[in-house]
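Novice: Given next are the chains, with one letter for each unit.
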Amino acid sequence: MNRINQKLKEGKKLLSIYFTAGYPNINDTITIIQNLEKSGVDMIEIGLPFSDPLADGPTIQDSSTKALQNGMTSELLFQQLKDIRKTVSIPLIIMGYFNPVMQYGVEAFCKKCQEIGIDGLILPDLPVDVYAEQYKDTFEKYGLISVFLITPQTSDERIRYIDSVSDGFIYMVSSASTTGAKSGFGNAQEDYFNRIANMKLSNPQIVGFGISNNETFMQATKQAKGAIIGSAFIKHVTANGVDTIDTFVDNIKP
Amino acid sequence: MSYNINEKGYYGEFGGAFIPEMLYPNVEELRQNYLKVMAEPLFQEEFNQLLKDYVGRPSPLYFAKRLSEKYNTKVYLKREDLNHTGAHKVNNTIGQILMAKRLGKTRIIAETGAGQHGVATATVCALMGMECIVYMGEIDIARQAPNVARMKMLGAEVRPALSGSRTLKDATNEAIRDWINNPVDTHYIIGSAIGPHPYPDMVTRFQSIISEEIKWQLKEHEGKENPDYVVACIGGGSNAAGTYYHFLDNEDVGIIAVEAAGKGIHSGESAATSALGKEGIIHGCKTLLMQTNDGQITEPYSISAGLDYPGVGPMHSHLYKSGRGEFYSATDDEAMTAGLELAQLEGIIPAIETSHALAIFSHKTFEPNDIVVISLSGRGDKDLQNYIDYFKL
Chain A
10 MNRINQKLKE
20 GKKLLSIYFT
30 AGYPNINDTI
40 TIIQNLEKSG
50 VDMIEIGLPF
60 SDPLADGPTI
70 QDSSTKALQN
80 GMTSELLFQQ
90 LKDIRKTVSI
100 PLIIMGYFNP
110 VMQYGVEAFC
120 KKCQEIGIDG
130 LILPDLPVDV
140 YAEQYKDTFE
150 KYGLISVFLI
160 TPQTSDERIR
170 YIDSVSDGFI
180 YMVSSASTTG
190 AKSGFGNAQE
200 DYFNRIANMK
210 LSNPQIVGFG
220 ISNNETFMQA
230 TKQAKGAIIG
240 SAFIKHVTAN
250 GVDTIDTFVD
260 NIKP
Chain B
600 MSYNINEKGY
610 YGEFGGAFIP
620 EMLYPNVEEL
630 RQNYLKVMAE
640 PLFQEEFNQL
650 LKDYVGRPSP
660 LYFAKRLSEK
670 YNTKVYLKRE
680 DLNHTGAHKV
690 NNTIGQILMA
700 KRLGKTRIIA
710 ETGAGQHGVA
720 TATVCALMGM
730 ECIVYMGEID
740 IARQAPNVAR
750 MKMLGAEVRP
760 ALSGSRTLKD
770 ATNEAIRDWI
780 NNPVDTHYII
790 GSAIGPHPYP
800 DMVTRFQSII
810 SEEIKWQLKE
820 HEGKENPDYV
830 VACIGGGSNA
840 AGTYYHFLDN
850 EDVGIIAVEA
860 AGKGIHSGES
870 AATSALGKEG
880 IIHGCKTLLM
890 QTNDGQITEP
900 YSISAGLDYP
910 GVGPMHSHLY
920 KSGRGEFYSA
930 TDDEAMTAGL
940 ELAQLEGIIP
950 AIETSHALAI
960 FSHKTFEPND
970 IVVISLSGRG
980 DKDLQNYIDY
990 FKL
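Keeping their order, the protein sequence lines are chains A and B.
Numbering of the first sequence is given in our numbering, commencing with residue 10 and proceeding in unit increments.
Numbering of the second sequence is given in our numbering, commencing with residue 600 and proceeding in unit increments.
To be clear, the hints were calculated from the coordinates, so they are not data collected in a lab.
It is possible that some hints are incorrect.
Stated by the list, open to error - Listed below are the simulated PhoX-like cross-link pairs for lysine-lysine, each with C-alpha atoms no more than 25 Å apart in a straight line:
1. A:Lys191 - A:Lys75
2. A:Lys121 - B:Lys877
3. A:Lys16 - A:Lys231
4. B:Lys651 - A:Lys145
5. A:Lys145 - B:Lys704
6. A:Lys191 - B:Lys704
7. A:Lys120 - B:Lys877
Given these sequences and hints, build the entire structure.
Specialist: Structure below.
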């Protein structure tokens, strides 16, 4: 069974952390992953940087620009990760935009992921219908889970469709925004969290966007299975480097 | 074979809507409504009225006698430069502002490179009393000061795009991010035949007035509707899409595209996407784009700010790949020379974008009886400083 599905069966709320590969330094990838696991993080999203990250706010944009300047590429990331499963056992997901995957070759990319022990992909600009028609078989052939996003504006009908295509978890974007744009949740999010919980979807949901501390983590996971932190973590490594990751994680999930 | 869009939003293998889920409701709302709205008699009436009384359409189809003599063929110029605001861009912004109103939107965003589309958007927003925010690369703001001033005078807010290379592609990214953050009240007026479906088709349809007029105007001049060739410059490709539209499936009409080769196709400073690009995803559509082997989008170069976009619209990728269109590229030098030539032969100073289309004569020889219609997409007032610097006027 895929590590993601296994993890989702555990009877606890999950903390997933996103970081941009190649940032702050080109060779930080392995250190960040190992330190995150040691700090008790449940799942990791490894960001493959892209020149034009449409869905990201300034924090992740800047980290992507810097990572590309540092020389990060798909090929280099795969090289860095080749022995990762000797030391790390939590689920690892690659998150990025579709174009670099397309240029690498979708099948070649998936095959490489399987060899390394990557468990899933999140490609926000790969539409669910295109995935279902053209790529689902390839992903499944290489044991990869594809994760799709929903937002407060996504209709119930479309959420049901996304649920039917998914086989892992649903990435629940907390508000209509780019990453890192808003912090904290209001009544609108409460309503949205309740609405989704009441839909009794077959895939568990993990909330992302707007989570930066213990309070927002607790709010997000009241009903959802877990929460994802991206921009706040990038800010932490920007300010403190990669050696105090445990401090950051302790503050979220004591 | 059809060269127009299919029911799924693709031109051949190009097009589609490769967008993050956050944009799906906005784009889907547009997709479900755009054809219906455009078909409404009241919409058509208002659109045509504004094109006539406000834009000044129909734009003349002018027989360029001296240019024809020089190249020993029959050249007609479709005078989009005579439109209000000085280019073809306004055909699309008029259409889209009416669309935005029908969809109940109250806030307009747009991207702009040289500022022409920004000005055309600010103009229609003033006309309709709508809030207008134009994203423009910080570098472009510095080099296109007169258009920035125009937009401000028209009441628009010009927001600098500070990310990436701080030019057109980044302004487009910022506009898309704004739309993600404002999904309910905002309409995004994309300025070229690019973006996720239905944008390329919607923009093309609003610009198709160009080829619609060419047909009946040519009939008046020559007694027949179809020229032998239609020629246009291509950045994203909206004037080209409009110029080709009614001739797409008539293979008796040759389709010619001229891209910007900058300092030479292989100089490393070029915007000749068909020659240098590979299939990929940019700004929500699958098309040809300039990128690294690793799939990072690269920064193009052209002396013309309106052509330095790293992709082309999906219609044009299909025209290129299928062989339906003949693609050429003109260097900065060829374009500037062609622009000067038009000024001196016909008394028309073209936009530098348009000068690229005029440079077709240094790449292709036409027959004496050929009827060649060139889209004169914009006027050169905005480029005067460039012409001054280049020719030391």
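Novice: To test your reading of the hints: which numbers does this structure violate?
Specialist: Those not satisfied are hints 4, 5.
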